[in-house]
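Student: Please build the complete structure, drawing on both the sequences and the hints.
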Amino acid sequence: MREASRTTRQRIADRLRDEPMAAGTIARTFEIRTNTALTHVEHIAKSLDSTDEQLLVAPPECERCGFTDFDDLTNRPSRCPECKAESVAEPAYRIG
Numbered sequence: 001m002r003e004a005s006r007t008t009r010q011r012i013a014d015r016l017r018d019e020p021m022a023a024g025t026i027a028r029t030f031e032i033r034t035n036t037a038l039t040h041v042e043h044i045a046k047s048l049d050s051t052d053e054q055l056l057v058a059p060p061e062c063e064r065c066g067f068t069d070f071d072d073l074t075n076r077p078s079r080c081p082e083c084k085a086e087s088v089a090e091p092a093y094r095i096g
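Just so you know, the sequence shown maps onto residues 1 to 96 in full-length UniProt numbering.
No lab work stands behind these hints, which were simulated from the structure alone.
Heads up, the beta-carbon is just placed ideally off N, CA and C, and yes, glycines get one too.
What follows is a set of in silico ranges between Cβ atoms, one per label pair, in the way DEER data are often shown: (1) Lys-46 with Ala-85: 31 to 37 Å; (2) Ala-85 with Glu-53: 32 to 38 Å; (3) Arg-28 with Gln-54: 21 to 27 Å.
Tutor: If you want it as C-alpha cells, here you go:
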C-alpha cells in the first residue's frame with residue numbers, strides 16, 4: 001500500500017512495529033500535537049486486541065536516579081517522586 005494512502009494512525013503503527021517511540025517523538029515525526037499522538041496510540045492499542053500483537057510500554061524513567069515505579073505508565077510525570085528531579089524521560093511505545 002502506498003504511503004500516501006495510509007492514515008496517520010496506520011503509519012504510526014507501522015513505525016511502532018519497527019522501533020519504540022515516545023509520544024513527543026511521534027508528534028514531531030508525524031507533525032501532530034502530543035495529545036493527538038497519545039490518542040492515536042490509545043486507538044492503536046485497542047485495534048491490536050483482536051490480533052496477536054500488543055502495545056508494549058517502557059515506563060517513564062528519572063534520568064537522575066533511574067526511578068521507574070510511576071503510577072501512570074502512559075503519561076510523562078513532571079518530576080520524580082523519589083529524588084524530585086524534573087528530568088524524567090517520556091514513556092516509549094512499541095508494537096510487539
